[in-house]
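The listed protein sequences derive, respectively, from chains A and B. Quick note: the first sequence uses the numbering used here, first residue 1, plus one each step. Quick note: the second sequence uses the numbering used here, first residue 113, plus one each step.
Warning: the hint list may mix true and false statements.
[Stated by the list, open to error] Okay, derived cross-link-like pairs now, DMTMM-like style, lysine to aspartate or glutamate, Cα gap no bigger than 25 Å in a straight line:
hint : chain 1 : residue 1 : chain 2 : residue 2
1    : A       : Lys-67    : B       : Asp-238
2    : A       : Lys-67    : B       : Glu-168
3    : A       : Lys-67    : B       : Asp-233
4    : A       : Lys-86    : B       : Asp-165
Calculated directly from the structure, the hints in this document are not laboratory data. Just so it is clear, the structure is predicted and the values come from calculations on it, not from any experiment.
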Amino acid sequence: MEVSTETEGRFQVVTVEDSRIDAAVALDFKEAMRHATEKGPETVVLDLGKVGFIDSSGLGAVVATMKHLAPDRTLILAGLTPPVSKVFQLTRMDSVFALYPELNDALATLRG
Amino acid sequence: MRWQPCVAEPAAPAGPGRPAPACAFAFSVQGDRGAARRALCEIRQRVAPWQMDIEELSTVEIVLAEVFNNIVEHAYPADLPEGPIEVAGRLRGNGLHVRIADEGCPMPDGRPPLGDRPSPDLDLMDLPEGGFGWFLIRDLAKDVHYRRVGHRNLLDLRLPVAMGRV
Chain A
1 MEVSTETEGR FQVVTVEDSR IDAAVALDFK EAMRHATEKG PETVVLDLGK VGFIDSSGLG
61 AVVATMKHLA PDRTLILAGL TPPVSKVFQL TRMDSVFALY PELNDALATL RG
Chain B
113 MRWQPCVAEP AAPAGPGRPA PACAFAFSVQ GDRGAARRAL CEIRQRVAPW QMDIEELSTV
173 EIVLAEVFNN IVEHAYPADL PEGPIEVAGR LRGNGLHVRI ADEGCPMPDG RPPLGDRPSP
233 DLDLMDLPEG GFGWFLIRDL AKDVHYRRVG HRNLLDLRLP VAMGRV
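Pulled out of the complex, with its shape left as it was, chain A reads as follows (with noise of 0.2 Å):
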């Protein structure tokens, strides 16, 4: 599970370099996203531009994640794809996270 990172000022973007976050490697996922944000700022970005499909083993790593960044630390989801969007529809999860369609809107919004 590959993610890289850029961290501009108080916010932080991760991005998943991986098609799938599944079953087969949602402990890496956590494991790789602790890695990432370690004494990182108060905003991640988790930008899923490039993740083509997530499961249910995904999704609550995705949620793992952001509860072992609170209450400090806030979680941001951008470039959901048509099927990672439909997940998080449908398991209501959409309305748990901040969700921005694409990672420049992101962007925009958190530079002000």
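We have chain A already, so just place chain B on it with the hints.
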């Protein structure tokens, strides 16, 4: 790949003057940690000629991913030997009928979990990190039916996709 009209029950393999092949597939994978990915890859290849739209493919993949994950985690848990996962699918007028069979542990209580709809109203720290699987299966698939026959688990379901194609 060129769209080939399917028939529900072919009399013979396709060829000159013979009926078109069924929109059907059947294969087996070993029920290990990589099973779901391999099985889904196989299914994507087999259904590609049926030209389902992308949202329907997504439904097929989400439901079957959850089914395979459940088998790997619960039917073939880490401390017990693995076994095969057999997958058979057939497109009928009312959707894709799929049977998934394994030779692992039976479902507790002899039936699959209900899979309640997750609640987003919980306190953030109380949000579940799992258990969405059966909810997704039951939300997206119809006619979900589980049977234990001898030493095998049989799960049948119908995905309402590509309807009216055959």
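Proposed proximity, Asp-238(B) with Lys-67(A) (alpha carbon, max 25 Å): holds (9 Å)
Between Lys-67(A) and Glu-168(B), is the straight-line Cα distance small enough, at 25 Å or below? violated (32 Å)
Given the hint that Lys-67(A) pairs with Asp-233(B), does the C-alpha gap stay at or below 25 Å? holds (15 Å)
Pair hint Lys-86(A) and Asp-165(B), alpha-carbon separation not exceeding 25 Å: holds (15 Å)
Against the hints set out earlier in the document, a violation occurs for number 2 only.
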